[in-house]
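Asks: Next come the chains, spelled out residue by residue.
Number of protein chains: 2
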Amino acid sequence: MSVVEDKPGKVLRVALLGCGVVGTQVARLLAEQADDLAVRTGARLELAGIAVRRLAHARPGVDQALLTTDAMALATRPDVDVVIEVIGGIEPARSLILAAMEHGKSVVTANKALLAEHGEQVHAASRAFGADLYYEAAVAGAIPILRPMRESLAGDTVHRVLGIVNGTTNFILDRMDGSGADFGDSLEEAQALGYAEADPTADVEAFDAAAKAAILAGLAFHTRVTAADVYREGITEVTAADIASAKTLGRTVKLLAICERSGDGVAVRVHPAMIPRSHPLAAVGGAYNAVFVEAQSAGRLMFYGAGAGGTPTAAAVLGDVVAVARNRLAGTRGPELSTYAELPVRPMGDTLTRYHVSLDVADKPGVLAPVAEAFASHGVSIQAVRQTSRGDDALLIIVTHEARDADLAATIAELQALPVVRAVASVMRVEGEEDQS
Amino acid sequence: MSVVEDKPGKVLRVALLGCGVVGTQVARLLAEQADDLAVRTGARLELAGIAVRRLAHARPGVDQALLTTDAMALATRPDVDVVIEVIGGIEPARSLILAAMEHGKSVVTANKALLAEHGEQVHAASRAFGADLYYEAAVAGAIPILRPMRESLAGDTVHRVLGIVNGTTNFILDRMDGSGADFGDSLEEAQALGYAEADPTADVEAFDAAAKAAILAGLAFHTRVTAADVYREGITEVTAADIASAKTLGRTVKLLAICERSGDGVAVRVHPAMIPRSHPLAAVGGAYNAVFVEAQSAGRLMFYGAGAGGTPTAAAVLGDVVAVARNRLAGTRGPELSTYAELPVRPMGDTLTRYHVSLDVADKPGVLAPVAEAFASHGVSIQAVRQTSRGDDALLIIVTHEARDADLAATIAELQALPVVRAVASVMRVEGEEDQS
Numbered sequence: 001m002s003v004v005e006d007k008p009g010k011v012l013r014v015a016l017l018g019c020g021v022v023g024t025q026v027a028r029l030l031a032e033q034a035d036d037l038a039v040r041t042g043a044r045l046e047l048a049g050i051a052v053r054r055l056a057h058a059r060p061g062v063d064q065a066l067l068t069t070d071a072m073a074l075a076t077r078p079d080v081d082v083v084i085e086v087i088g089g090i091e092p093a094r095s096l097i098l099a100a101m102e103h104g105k106s107v108v109t110a111n112k113a114l115l116a117e118h119g120e121q122v123h124a125a126s127r128a129f130g131a132d133l134y135y136e137a138a139v140a141g142a143i144p145i146l147r148p149m150r151e152s153l154a155g156d157t158v159h160r161v162l163g164i165v166n167g168t169t170n171f172i173l174d175r176m177d178g179s180g181a182d183f184g185d186s187l188e189e190a191q192a193l194g195y196a197e198a199d200p201t202a203d204v205e206a207f208d209a210a211a212k213a214a215i216l217a218g219l220a221f222h223t224r225v226t227a228a229d230v231y232r233e234g235i236t237e238v239t240a241a242d243i244a245s246a247k248t249l250g251r252t253v254k255l256l257a258i259c260e261r262s263g264d265g266v267a268v269r270v271h272p273a274m275i276p277r278s279h280p281l282a283a284v285g286g287a288y289n290a291v292f293v294e295a296q297s298a299g300r301l302m303f304y305g306a307g308a309g310g311t312p313t314a315a316a317v318l319g320d321v322v323a324v325a326r327n328r329l330a331g332t333r334g335p336e337l338s339t340y341a342e343l344p345v346r347p348m349g350d351t352l353t354r355y356h357v358s359l360d361v362a363d364k365p366g367v368l369a370p371v372a373e374a375f376a377s378h379g380v381s382i383q384a385v386r387q388t389s390r391g392d393d394a395l396l397i398i399v400t401h402e403a404r405d406a407d408l409a410a411t412i413a414e415l416q417a418l419p420v421v422r423a424v425a426s427v428m429r430v431e432g433e434e435d436q437s
Numbered sequence: 001m002s003v004v005e006d007k008p009g010k011v012l013r014v015a016l017l018g019c020g021v022v023g024t025q026v027a028r029l030l031a032e033q034a035d036d037l038a039v040r041t042g043a044r045l046e047l048a049g050i051a052v053r054r055l056a057h058a059r060p061g062v063d064q065a066l067l068t069t070d071a072m073a074l075a076t077r078p079d080v081d082v083v084i085e086v087i088g089g090i091e092p093a094r095s096l097i098l099a100a101m102e103h104g105k106s107v108v109t110a111n112k113a114l115l116a117e118h119g120e121q122v123h124a125a126s127r128a129f130g131a132d133l134y135y136e137a138a139v140a141g142a143i144p145i146l147r148p149m150r151e152s153l154a155g156d157t158v159h160r161v162l163g164i165v166n167g168t169t170n171f172i173l174d175r176m177d178g179s180g181a182d183f184g185d186s187l188e189e190a191q192a193l194g195y196a197e198a199d200p201t202a203d204v205e206a207f208d209a210a211a212k213a214a215i216l217a218g219l220a221f222h223t224r225v226t227a228a229d230v231y232r233e234g235i236t237e238v239t240a241a242d243i244a245s246a247k248t249l250g251r252t253v254k255l256l257a258i259c260e261r262s263g264d265g266v267a268v269r270v271h272p273a274m275i276p277r278s279h280p281l282a283a284v285g286g287a288y289n290a291v292f293v294e295a296q297s298a299g300r301l302m303f304y305g306a307g308a309g310g311t312p313t314a315a316a317v318l319g320d321v322v323a324v325a326r327n328r329l330a331g332t333r334g335p336e337l338s339t340y341a342e343l344p345v346r347p348m349g350d351t352l353t354r355y356h357v358s359l360d361v362a363d364k365p366g367v368l369a370p371v372a373e374a375f376a377s378h379g380v381s382i383q384a385v386r387q388t389s390r391g392d393d394a395l396l397i398i399v400t401h402e403a404r405d406a407d408l409a410a411t412i413a414e415l416q417a418l419p420v421v422r423a424v425a426s427v428m429r430v431e432g433e434e435d436q437s
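Protein sequences, first through last, are from chains G and A.
Residues in the first sequence are numbered consecutively from 1, following the UniProt record's numbering.
Residues in the second sequence are numbered consecutively from 1, following the UniProt record's numbering.
No lab work stands behind these hints, which were simulated from the structure alone.
Remember, it's a predicted structure, so these values are computed and weren't measured experimentally.
Heads up, a few of these hints could be off.
[Claimed, not checked] Listed next, the in silico EDC-like pairs over lysine to aspartate or glutamate satisfying Cα-Cα at most 20 Å (straight line):
id, chain 1, residue 1, chain 2, residue 2
1, G, Lys247, G, Glu433
2, A, Lys10, A, Glu32
3, G, Lys10, G, Glu46
4, A, Lys10, G, Glu336
5, G, Lys10, A, Glu336
6, A, Lys364, A, Asp393
Produce the complete structure using the sequences and hints provided.
Replies: What follows is the structure, encoded as structure tokens:
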């Protein structure tokens, strides 16, 4: 730790690892907000260096003299107090963060992949070296959600978290809902507007949302959850027919990260789901994010805001920098990650879900009986049936009560083989409402 | 401070002052969640005593042996570490909190009135005695809003806070909007359902919301703001005509606590306002609360949840208790309230607002000219005019651009005296949308 002098000369030195979209904004805000940050933390935050891959890259407004390509040397420099990691990905970020903590630095990171895959290792290092590790920016960008989960709800029991934690997919689904366009056209529009990357896999296949779900579930249930524990379905299979079918029953389609208590364990999953239009999450449009929390005492809470973007993410990083700086000046650390509950993560097949199924069937008597029998044979109870005639065929929409996801999936397989069913037009899970028997 | 032994015997002793709706739930949760709280804080939280006014009062589930009527003795008892104040009101709460801090206790309170009126004094005592002072439950019940403002947004600059911070008035306005009922009937319904008290003054005249606005503004702008600084209008004058007029332009009426930067100062006010139905706050129904924050870097954030009720408020208290317990075990304190900015609070008359005005006028040519002239003579620019014929009279709805509130008020006074104006049917401020010139 650098020597911290008495006022007015207190200085904390900050190393910035990475200077891309987020890093540039962190550097800018550290400079622009320097006076406010000094009063709010009790020390001036001085940028000691910025680790980049290529020195030559143009970075308007960034002091060239601070740049270095030796990230490890910067992260472990004796005069550095706080290390900000905004490189992303597993390596070299992991090695840098571990080395920084070993050298007594406080660490702030926005790295969801690292935390979701190697959270246990980095948290263990944080404990072992007594180093702060903060990562509010890793989930839902600027929205303060991890700190409320970790601290404000520390006296409560969280039952369920439903989150829209990926702006790209929310933008695409919002467009599909608004315009009736299909997935491909909406993705192209999102790419043209800069809401989706050229290779959109991480977003549309829900790898990004799954990493965030793992982090949220770990905090919510005081349990170790990794990205590999998360059941994951992306939105590439969502069709205009799904959206239309949702609309007929007053629902809309969202990609949800769902973390919930399930039996004596927890279930963590990410998939498209229909939610009622009256649900607070239904109104979350465009690239916005929101996290909805159901807690035993606090009841229903929602946190809404910008889930991505350089400046909003940088704002979350700065909030964490102020926190670790205050802790450092006070000679203390933030609360440790608690995983004492060690609840088992249950497989998707055992999770209780509800299905919304649209079937193209012949418009004649005697169709419903074999369909109903298929549900019953798997122990799945039907909540509502709605048949709409469309000339010589009919659209049959069936909403189930809660059942084991595996039994629901087996029912769908059986329906696909039924002679009276011309096509299974749409299958999607229903969330965000009570199962009214 | 009591002696804290090494694990596994660490115990922190908690004194509970007040055992009404909130206190009963705090006592229950401390007992029911004891094991979880112990792991999360690192010490067992043991209830040392409960101060009540009358010992005889029935309190199901509360250990009679813990009760005392000597609150001061309990708050200053040498073996007590943490004092929870849920009595409410100014005295004796203030004296008890000050004495507790002087005796080295950490204090958690839900007392908005005390903080809004004597915040400076209790914060000064917190500093002087090095005692923690946490009060998340004082604003918007279970919603974690103060901690995010104080900590997560510490690296950002807040421009504006718009809050629905009173559940009673939100329930009443929601009913008026949904059913077309007038204020009186909706208030009676709220009272029958337990959402409004027999004497509803503190809620419907917005004293409650004004206290919360003062606390929010102080945190948002790092400035001392007291309840007396807050401009306040309640909802008793809101009519069915106001609600109907809002609907015609796609708006709804909410009682808003508004804290914003205004020139080189800040403006803090509570009054009914029309907001667009597309605004995230418009969907906040029933007795729910929500706080919408616009920050320079983070952008638009919203925090939503239960704003009142014994259990949700107790959940917020417990979150604070865990925080002060962790601080105490670590030998540190939470961040101090920062009021370094010391921005002046500007008078309502100088605040820039926009008005929505409905006029009953004669349905004949030549009406608009003198009306428009009244606005122009006060320097108020008109954004939109909409005239609806209703037989021999017409309804004229005018929405202004931003202007000094005093100039808008003077315009209304002039309109009331105009011969062509039969009645000023509705006047209300418009918030939550950009002023599009």
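Asks: Given the proposed pairing of Lys10 (chain A) with Glu32 (chain A), does the C-alpha separation stay at or below 20 Å?
Replies: Distance of about 19 Å is within 20 Å: holds.
Asks: Given the proposed pairing of Lys364 (chain A) with Asp393 (chain A), does the C-alpha separation stay at or below 20 Å?
Replies: holds (8 Å)
Asks: Keeping to a limit of 20 Å between CA atoms, is the pair of Lys10 (chain A) and Glu336 (chain G) held or broken?
Replies: Holds, because 17 Å separates the two Cα atoms, which is no more than 20 Å.
Asks: When you check the alpha-carbon spacing of Lys10 (chain G) and Glu46 (chain G), does it fall within 20 Å?
Replies: Distance ~10 Å between Lys10 (chain G) and Glu46 (chain G) Cα, so the pair holds.
Asks: Mind checking the alpha carbons of Lys10 (chain G) and Glu336 (chain A) for me, to see if they're no more than 20 Å apart?
Replies: Measuring from Cα to Cα gives roughly 17 Å; hence the hint holds.
Asks: Is Lys247 (chain G) within 20 Å of Glu433 (chain G), Cα to Cα?
Replies: It holds: about 15 Å lies between the C-alpha atoms, which stays within 20 Å.
No hint from the list above goes unmet by this structure.
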